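Protein chains: 2
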Amino acid sequence: MIQKPYLLFTGDALNTRSTKTAFGLRDWVPEAVIGQWRLPEGRVDLGLPMLDPVAAHAAGARSMVIGIAPFGGALPETWLPGLVAALEAGLDLVSGLHTRLSAIPALAEAASRLGRTLHDVRHSDRTFPAGTGEKRSGKRLLAVGTDCALGKKYTALALARGLAARGHAADFRATGQTGIMIAGEGVAIDAVVADFIAGAAETLSPAAAPEHWDVIEGQGALFHPAYAGVTLGLLHGSQPDALVLCHEPRRSHIEDLPWAVIPPLGEAMRRYLDAARVTNPAARFVAISLNTSRLDEAAAHAAAADVTAEHGLPVFDPLRFGLDGALDHIEAVYGAAQ
Amino acid sequence: MIQKPYLLFTGDALNTRSTKTAFGLRDWVPEAVIGQWRLPEGRVDLGLPMLDPVAAHAAGARSMVIGIAPFGGALPETWLPGLVAALEAGLDLVSGLHTRLSAIPALAEAASRLGRTLHDVRHSDRTFPAGTGEKRSGKRLLAVGTDCALGKKYTALALARGLAARGHAADFRATGQTGIMIAGEGVAIDAVVADFIAGAAETLSPAAAPEHWDVIEGQGALFHPAYAGVTLGLLHGSQPDALVLCHEPRRSHIEDLPWAVIPPLGEAMRRYLDAARVTNPAARFVAISLNTSRLDEAAAHAAAADVTAEHGLPVFDPLRFGLDGALDHIEAVYGAAQ
Chain A
2 MIQKPYLLFT
12 GDALNTRSTK
22 TAFGLRDWVP
32 EAVIGQWRLP
42 EGRVDLGLPM
52 LDPVAAHAAG
62 ARSMVIGIAP
72 FGGALPETWL
82 PGLVAALEAG
92 LDLVSGLHTR
102 LSAIPALAEA
112 ASRLGRTLHD
122 VRHSDRTFPA
132 GTGEKRSGKR
142 LLAVGTDCAL
152 GKKYTALALA
162 RGLAARGHAA
172 DFRATGQTGI
182 MIAGEGVAID
192 AVVADFIAGA
202 AETLSPAAAP
212 EHWDVIEGQG
222 ALFHPAYAGV
232 TLGLLHGSQP
242 DALVLCHEPR
252 RSHIEDLPWA
262 VIPPLGEAMR
272 RYLDAARVTN
282 PAARFVAISL
292 NTSRLDEAAA
302 HAAAADVTAE
312 HGLPVFDPLR
322 FGLDGALDHI
332 EAVYGAAQ
Chain B
2 MIQKPYLLFT
12 GDALNTRSTK
22 TAFGLRDWVP
32 EAVIGQWRLP
42 EGRVDLGLPM
52 LDPVAAHAAG
62 ARSMVIGIAP
72 FGGALPETWL
82 PGLVAALEAG
92 LDLVSGLHTR
102 LSAIPALAEA
112 ASRLGRTLHD
122 VRHSDRTFPA
132 GTGEKRSGKR
142 LLAVGTDCAL
152 GKKYTALALA
162 RGLAARGHAA
172 DFRATGQTGI
182 MIAGEGVAID
192 AVVADFIAGA
202 AETLSPAAAP
212 EHWDVIEGQG
222 ALFHPAYAGV
232 TLGLLHGSQP
242 DALVLCHEPR
252 RSHIEDLPWA
262 VIPPLGEAMR
272 RYLDAARVTN
282 PAARFVAISL
292 NTSRLDEAAA
302 HAAAADVTAE
312 HGLPVFDPLR
322 FGLDGALDHI
332 EAVYGAAQ
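Protein sequence lines, in the order shown, are assigned to chains A and B. Sequential numbering of the first sequence, starting at 2, is according to the working numbering. Sequential numbering of the second sequence, starting at 2, is according to the working numbering.
By construction, these hints were calculated from the structure, which means they are not laboratory data. No experiment lies behind these values; they were computed from the predicted model shown. Hints may be right or wrong, so weigh each one.
Derived Cβ-Cβ restraints for the label pairs, each shown as a range [as the list claims (entries may be wrong)]: (1) 170(B) - 322(A): 45 to 51 Å; (2) 259(B) - 166(A): 37 to 43 Å; (3) 294(B) - 282(A): 39 to 45 Å; (4) 295(B) - 274(A): 43 to 49 Å; (5) 73(B) - 282(A): 54 to 60 Å; (6) 138(A) - 213(B): 49 to 55 Å; (7) 259(B) - 16(A): 48 to 54 Å; (8) 168(B) - 106(A): 40 to 46 Å; (9) 274(A) - 256(B): 40 to 46 Å; (10) 282(A) - 320(B): 33 to 39 Å.
Heads up, incomplete: computed chain B residues facing chain A, CB under 10 Å, no partners named [stated by the list, open to error]: (11) 98; (12) 103; (13) 105; (14) 190; (15) 253.
No residue lacks a Cβ here, since even glycine has one placed at the ideal position from N, Cα and C.
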């Protein structure tokens with residue numbers, strides 16, 4: 002297991018878009034985050050104490066998390082001295098990159114020499130069985146989306162915490178690197194061998210008590226030209242009873258792919274249900290989660306009201322408003338805590 | 002590249018179901034197949050000369066293909082003496098199993114000592130980019146199905162050869178281990194890391210001349226609880242203009258998973274088109290391929306007539322009848338060879 006608390010490293014990042022791992026940890030496990038560190042050319046500020054590895058270790062940190070996704074997924078050479086410095090200061094390293102830290106000789110050598118651990122949370126030596134689609138006991142909710150990077154993880158985290166606060170047995174199930182760092186466990190579903198996507202998802206939310214909720218972080222989008230295979234395998238393996246659609250109101254096409262148009266929400270939900278019912282005929286949407294971060298307060302509420310009026314579902318923004326309405330509806334459909 | 006011709010090994014297989022690799026090679030590259038070999042307890046007969054590795058090598062064989070998929074995907078210990086004997090007789094080994102031959106010490110040692118090559122066609126050291134969905138030039142046809150193991154590979158092979166025979170520039174694009182052994186190249190799409198399924202499919206059928214056809218072997222089914230992620234990523238990355246639906250008339254549920262019901266063909270095609278149009282809005286079905294192997298001649302023709310009447314598409318069985326009607330329709334839609 003990964004040793005907490007964390008020092009968050011944002012490298013040479015110039016903007017917040019590539020550092021969602023760092024922001025995710027700051028927002029969702031603040032008790033496990035002790036400070037931030039960056040390279041001299043970096044510009045991202047998490048609003049945390051700025052500590053170098055030695056100071057962070059002295060303050061109690063046990064691991065440094067690479068909280069930035071570099072363009073292309075490979076780790077730049079210019080980060081290496083900083084990463085080695087963290088190992089020398091007594092910190093383990095935690096990475097969600099496709100490149101394995103353990104495959105970089107300078108890091109492997111330093112970790113071995115110093116007795117530190119390199120956590121490559123995107124990778125796993127675990128193997129998974131093929132999926133079967135056989136019904137498992139327990140209740141499952143999956144956050145799905147109209148694109149990547151618009152709030153599926155935060156939606157699942159907020160709902161898992163909200164259900165737990167109302168007395169339900171509920172577990173957040175992480176499927177991406179940030180989620181795994183937050184939860185301390187999970188499966189990086191996009192790194193699994195293609196044949197075993199659904200099987201890995203089945204393993205992630207095993208049979209549970211009938212009243213137990215697994216609240217599962219979704220990945221990608223059914224309409225994403227690159228990642229829909231991951232999305233569909235995760236959907237089938239999760240066999241969700243309840244679905245929550247995550248959307249960013251001003252996004253009309255998949256980010257960076259202007260030819261990949263996002264369908265209207267009703268059409269999106271129809272297609273998710275078509276797919277979900279392969280492994281759970283009772284699947285239904287219970288709420289819509291809007292990422293209103295680019296809207297002012299009035300516009301955010303207006304957007305939520307419009308979506309509720311059109312689709313007859315409670316609408317919330319997990320960072321802003323409406324969670325209780327969504328939880329009320331979930332309890333109305335599936336029952337309150339016993 | 003894999004050295005031909007082949008000796009086909011069927012191990013201890015008792016029935017034809019687990020030996021479709023061997024039958025596929027016998028049927029589709031008979032000129033590259035010199036004989037068969039099996040263990041004493043094996044019962045499958047390919048109707049080829051029975052040759053042990055020494056006799057096969059003397060007759061010209063250069064590789065022995067493991068033409069059997071063992072239950073669970075792992076290679077039984079009891080096969081090892083026979084595989085080592087093949088290496089000692091001068092044959093390379095070709096495997097489509099999940100288990101790598103090169104990971105089995107006895108085989109790795111013998112191959113190294115004897116200068117033989119171990120081909121693990123399901124695996125690849127190639128890495129692939131993420132998909133983009135950007136439109137590529139050239140025409141593409143993808144065989145999709147209502148389940149695994151009902152004729153997608155044979156359908157694509159028959160159409161590729163039929164188009165070529167009519168003067169079209171056409172390439173069969175292999176996505177599974179048997180297809181790769183037949184074609185001599187391809188990508189085992191189910192062994193790719195999940196994030197790169199669509200990207201691998203994009204790589205497999207690169208931009209080509211406008212009149213060129215890539216005829217792509219499909220995998221799995223959109224309704225398969227284990228493998229739909231592979232199916233969808235391959236569909237998106239292939240961005241097919243033309244789709245052919247492959248079906249086995251008496252199959253009502255996914256093989257071995259009785260709870261996974263196959264939808265009616267019209268519904269199946271609607272869902273494939275929903276998905277295909279993410280990367281090619283012009284995608285359409287051009288034919289239906291029926292696996293009529295379990296029907297007598299009259300029943301096979303009656304089934305084909307029923308399906309044509311209901312769906313208004315030419316119907317064929319690539320091993321039996323109707324290929325010309327399907328090719329006529331494809332040429333009516335997309336044009337005859339120039």
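The hints, checked one at a time:
1. At about 58 Å, the CB distance of residue 170(B) to residue 322(A) disagrees with the hint of 45 to 51 Å.
2. Remark: the range hint 37 to 43 Å for residue 259(B) to residue 166(A) is upheld by a beta-carbon distance near 41 Å.
3. A hinted range of 39 to 45 Å for the beta carbons of residue 294(B) and residue 282(A) is inconsistent with their spacing of about 31 Å.
4. For the hinted restraint 43 to 49 Å between residue 295(B) and residue 274(A), the CB-CB distance of approximately 33 Å leaves it violated.
5. Separation of residue 73(B) from residue 282(A) is about 29 Å and departs from the stated range, judged on CB atoms against 54 to 60 Å.
6. In this structure, residue 138(A) and residue 213(B) meet the distance hint of 49 to 55 Å, their C-beta atoms being roughly 52 Å apart.
7. In this structure the hint that residue 259(B) and residue 16(A) lie 48 to 54 Å apart at CB holds, the actual value being about 52 Å.
8. For the hinted restraint 40 to 46 Å between residue 168(B) and residue 106(A), the CB-CB distance of approximately 55 Å leaves it violated.
9. Distance hint check for residue 274(A) and residue 256(B): the Cβ-Cβ separation is about 25 Å, which falls outside the suggested range of 40 to 46 Å.
10. Distance hint check for residue 282(A) and residue 320(B): the Cβ-Cβ separation is about 35 Å, which falls inside the suggested range of 33 to 39 Å.
11. At its closest, the beta carbon of residue 98(B) sits 12 Å from a beta carbon of chain A; the interface hint therefore is violated under the 10 Å criterion.
12. The interface hint given for residue 103(B) is violated, since its Cβ lies 17 Å from the closest Cβ of chain A, which is over the 10 Å cut-off.
13. Among the interface hints, the one on residue 105(B) is violated; its C-beta lies about 16 Å from the nearest C-beta in chain A, farther than the 10 Å criterion.
14. Restraint check, residue 190(B) versus chain A: the minimum CB separation of about 7 Å is within 10 Å; hint holds.
15. For residue 253(B), the interface hint is violated, the least distance from its beta-carbon to any beta-carbon of chain A being 15 Å, above 10 Å.
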